[in-house]
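Protein sequences, first through last, are from chains A and B.
Going by this note's numbering, the final residue of the first sequence carries number 397, and the count climbs one at a time with no gaps.
Going by this note's numbering, the final residue of the second sequence carries number 747, and the count climbs one at a time with no gaps.
Warning: the hint list may mix true and false statements.
Claimed, not checked - Distance condition first, Cα-Cα at most 25 Å in a straight line; then the derived DSS-like pairs of lysine-lysine:
1) A:Lys309 <-> A:Lys296
2) A:Lys308 <-> A:Lys296
3) A:Lys393 <-> B:Lys636
4) A:Lys115 <-> A:Lys50
5) B:Lys633 <-> A:Lys393
6) A:Lys393 <-> A:Lys186
7) B:Lys722 <-> A:Lys287
As the list claims (entries may be wrong) - Pair by pair, the computed Cβ-Cβ distance ranges are:
8) B:Glu462 <-> A:Thr209: 58 to 68 Å
9) A:His350 <-> B:Arg410: 20 to 30 Å
10) A:Glu14 <-> B:Glu407: 56 to 66 Å
Just so you know, these hints were derived from the structure itself, not from any lab.
Where is the CB? At the ideal position from N, CA and C, for every residue including glycine.
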Amino acid sequence: MDTLIGSEYDSLREEVRSFFAANEDAVVPAGPGFGGDASEVRRRVVEWQKRLVDGGYAGREIPQRYGGAGHEPDPLASLVIEEEFQDAGVSLGMENQGISMFVPTLLHFGREDQKQDLIRPTIRGEMIWCQGYSEPGSGSDLASLRTSAVLDGDEYVINGQKIWTSGAREAEMMFALIRTEADAGKHAGISYIVLPMDTPGIDVRPLMTMTGDASFNEVFFTDVRVPATNVIGRPGQGWEVGTYTLRFERNMLGRSNATESYVAGCVDILRETGLIDSPVYRDRLLKLEGRVQAMKYHQLRLLTDRLKKRDSGAGGLIVKLNNCQLNYDICALAIDAMAERGVLKRGSKHVRDYGNWQRNYMYALGLIIGGGTAQIQKNIIGERGLGLPREPKPAAA
Amino acid sequence: MDFGLTQPQELLRDSIARFLAQDVGIERVRRAMDSESGRDEAIHGQLGDQGITGLLIDMDLGGSELGMQEAAIAAQELGRAAAPVNFHSAYVLAPLLLAGADAGDRRSALLEGIAEGRSLITPILDAPIDDGRIDGAVLYVPDAPWSDAFLLESGGSLHLLDASIPGIDIEPLETVDDTRRVAEVTFSGIDLGAAESLGGSADSTRRAVHAARIALAADALGAAQKGLHISVEYAKERKQFERIIGSFQAVKHICAEVLAEVDPVQSLLWHTADAWDGESDEIDHLAPLLKAHATEVASTAVTMTTQVFGGMGFTHECDMHIFYKRAGYDRQMMGNPTALREQAAAVMYA
Chain A
1 MDTLIGSEYD
11 SLREEVRSFF
21 AANEDAVVPA
31 GPGFGGDASE
41 VRRRVVEWQK
51 RLVDGGYAGR
61 EIPQRYGGAG
71 HEPDPLASLV
81 IEEEFQDAGV
91 SLGMENQGIS
101 MFVPTLLHFG
111 REDQKQDLIR
121 PTIRGEMIWC
131 QGYSEPGSGS
141 DLASLRTSAV
151 LDGDEYVING
161 QKIWTSGARE
171 AEMMFALIRT
181 EADAGKHAGI
191 SYIVLPMDTP
201 GIDVRPLMTM
211 TGDASFNEVF
221 FTDVRVPATN
231 VIGRPGQGWE
241 VGTYTLRFER
251 NMLGRSNATE
261 SYVAGCVDIL
271 RETGLIDSPV
281 YRDRLLKLEG
291 RVQAMKYHQL
301 RLLTDRLKKR
311 DSGAGGLIVK
321 LNNCQLNYDI
331 CALAIDAMAE
341 RGVLKRGSKH
351 VRDYGNWQRN
361 YMYALGLIIG
371 GGTAQIQKNI
381 IGERGLGLPR
391 EPKPAAA
Chain B
398 MDFGLTQPQE
408 LLRDSIARFL
418 AQDVGIERVR
428 RAMDSESGRD
438 EAIHGQLGDQ
448 GITGLLIDMD
458 LGGSELGMQE
468 AAIAAQELGR
478 AAAPVNFHSA
488 YVLAPLLLAG
498 ADAGDRRSAL
508 LEGIAEGRSL
518 ITPILDAPID
528 DGRIDGAVLY
538 VPDAPWSDAF
548 LLESGGSLHL
558 LDASIPGIDI
568 EPLETVDDTR
578 RVAEVTFSGI
588 DLGAAESLGG
598 SADSTRRAVH
608 AARIALAADA
618 LGAAQKGLHI
628 SVEYAKERKQ
638 FERIIGSFQA
648 VKHICAEVLA
658 EVDPVQSLLW
668 HTADAWDGES
678 DEIDHLAPLL
688 KAHATEVAST
698 AVTMTTQVFG
708 GMGFTHECDM
718 HIFYKRAGYD
728 RQMMGNPTAL
738 REQAAAVMYA
C-alpha cells in the first residue's frame, strides 16, 4: 500500500494556498457555517466560481477552447486540491446539474458548436441548467416517459410535462429526455434535447418541498418549438446519453467532501453544549465516525481503481446510497444535540448556522430519494454488483 | 498513491486462500467444532509451513518480517475460512509482545518456535502478578489447554511461564463459537521466580494490543464477507413461488445493504493496518474505532444474511451459523464495540 502523494504535488499545494491568499476577498467557506440573504449568497457563490475557473480549480480538466483550464485528467491532483480546500474550510465551488452532469455529457456526445456555445458560461456559473427527466407517470421507470417532440420542418414541437425539476425557475437552460419517435421501442424513441427556459410555451410552476423552499418545479410544455439541431447525440440516442448523465448524478450526490465538514460542525455543537462528555452522544458520534472514516478510505480505493483504469465493480455502486444516508444521519445527530433549538428554521431568532442543519436534514432525505431512490440503488447493487436476477416482468394480463 | 494491496500482498492473499481452501475446508472446521476440545492439533504446524505464523517475526528468526497489512490479510482469510485458530493471540499478540522483550537467546528461541508453528505461546494481559507472586484466576484465555507457555504481561513487563509448572489449573469453558474456545486459567500462588523475566515496555504492549484488535477486525470482515457470499449464492439457486428468491427485492435488498456496509470496512482495515505499520499517531484511535466498526458491521451482516436462508439458516447443517458465531467471538474479545468507541472517543475528543 502506498498512501503517499508524491512530493511532485507539493508545488500544487503551495499554488492552492497562494490562490486562497490572493482571492481572500471572495472566498466562500465550506460547511454549515455559510448562509444568509439568498441573493447575496448567490452573488458570492457565482463570483467565487469565476475565480475558481480563472484559477484552474473549477473546470480544471475542461479544454481551454471551451473555457476550462485544460489540465490533463489527474485524480491525484484533484485529491490534493480537495484536501487543501478541505483543510482551509473553503468551498470547492458550484456543484450543479449543469457543471457536474451536463458538461461531461456534452463533452462526450456533443457537437463542436454545442461545446463552444454552452460549456464556458456553464462552468462560470453564468448559465444555470435544470434537468427535465422525471414525469408524473415516470419516476423510477424513467424510460416510460411520454413528453413528446414532433418534427415540423427544422424544428421540434414539444408537448408534455416534467416534474421534480430542481431549479427550473432560476435556470436559463434545460436538458431533457423527450420522446421523438413514437413508434420506436420504449428506450429507442427518446432523444436528449437542450432548450432555453424562456422559449414560448414553457410554463414553470413551483412545488413547495418539505424544506420550505420551492426548489422543485413542474414544467409544462405547450407547442414549444426548438431547433432540431438542439439534440445532443443522435435523435433516438437519448436513453444512452441520458443514462450517461445519470452516472455523474450518482457521483455528484455521493461525494463525501462535504461530509467531513459536517462532522466537524457536529462535533462543535457537541462541545458547545457539553454533550461531548455524554457517553450516549459520544457513542452515536463514534458510530458515525466509523462509517465516515470507512467511506473516506473507500473513496481512496475507488480513486486507485480510476488511476489504474480498473473497474470498481460493486464498490462504485454503493457510494450514493451510503453517503446520502450518512449525511442525513450526521444532521440528525446535530439537531438532537440542539434539543429544542432544533425546531427552529432559517430566519428565526436563535437559529444556529442559518438553519442549515435543519434544511440539510430534510434536503438530505430528498437526496436519499432523488437521483435514483435508495431502493433503486439497492436493485442496482444487487443486480449489477452481486449478479442477482432482475425481478421478472409481470405476466401480461 | 496506490490505495490497496500490492502485487506481493495479492499473491500472499491468494496463496493463503488456496491453502485454506485445499487443506482447511469446512469439513475439517466442523470436525474441530464437533470434537471434545475444539482443538485442531495439526493446523499450527501447517500454518508454520505456509509462513503464516511468522509474518510478524524477523527473517533471521525464521519469519518473513512483514507487517500488519500482511497479518491482516492472513486474519481476513482465516476468518473467511473459519479456521480453528486464534491467530490474533498466538501469531499477532504473542510475537509482537516478544519483539518488545529484551533481546537475547531466549527471546530468539521463542520467536523461532512460533515462526515454525512449533510453539504455541498464549499471552495474558494484565496478569495477576502481585508482590512477587502469580496468584489468581484469569478468564477467557484462548488456546489454554494446549499452550506451551503463558506470556504474562503486567504493567508492560513480560514474564514467560512454562505451562507445565505446578500450580496452573486450566478449566475449559463452554463457548458459543466452537472454532475458538476459551478457558479459565487459575494460578495458585506461583513464585514469580518460576517465570522468566523478559523485560518489555508499556509502549510495545500498547502497539501489540492495537495489532491484535486489527487482526480480530480482519477476521470478522472475512467471516462477514463469506456469509454474504454463501447467502448470495443460495439466493441465486433457491426457488419459491416459482421464482429465484434473489429476484425478490426483499431478499435482494438485504444482500445489497450488507454489501454496502461491509465493502467500505475493507478500506478502513487497510488504512488502519497501514497506519500501524507506519507507526502513525492515528493508530491510538484508529485501531479501537476499526474494531468497533468492523465487528458491529459484521454482526449486522451475519444477522441479515442468515435470514436469506430462511429456516435453513437456523440449522446446524447450514454453514451460516459458523460465520455468525465467528463474528460474535471477534466482537466480544479484546473490547466490544461500545467499549472501544468510548476508548477511541477519549483519544479523538480529549
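Hint check results:
1. Under the criterion of a C-alpha separation no larger than 25 Å, the hint pairing A:Lys309 with A:Lys296 is consistent with the structure, at around 20 Å.
2. Restraint check for A:Lys308 and A:Lys296: satisfied, since their Cα atoms lie roughly 19 Å apart, inside the 25 Å limit.
3. For the hint pairing A:Lys393 with B:Lys636, the CA-to-CA distance comes to about 17 Å; that is within 25 Å, so the pair holds.
4. The hinted pair formed by A:Lys115 and A:Lys50 meets the criterion: a straight-line CA distance of about 19 Å does not exceed 25 Å.
5. Our distance criterion of 25 Å between C-alpha atoms is met by B:Lys633 and A:Lys393, whose separation comes to about 17 Å.
6. At roughly 15 Å between alpha-carbon atoms, A:Lys393 and A:Lys186 fall within 25 Å of each other, so this suggested pair holds.
7. The suggested pairing of B:Lys722 with A:Lys287 holds, with an alpha-carbon distance near 22 Å, which does not exceed 25 Å.
8. At about 59 Å, the CB distance of B:Glu462 to A:Thr209 agrees with the hint of 58 to 68 Å.
9. As the Cβ distance of A:His350 to B:Arg410 is approximately 55 Å, the hint placing it in 20 to 30 Å is violated.
10. A beta carbon spacing of about 36 Å between A:Glu14 and B:Glu407 contradicts the range 56 to 66 Å that was offered as a hint.
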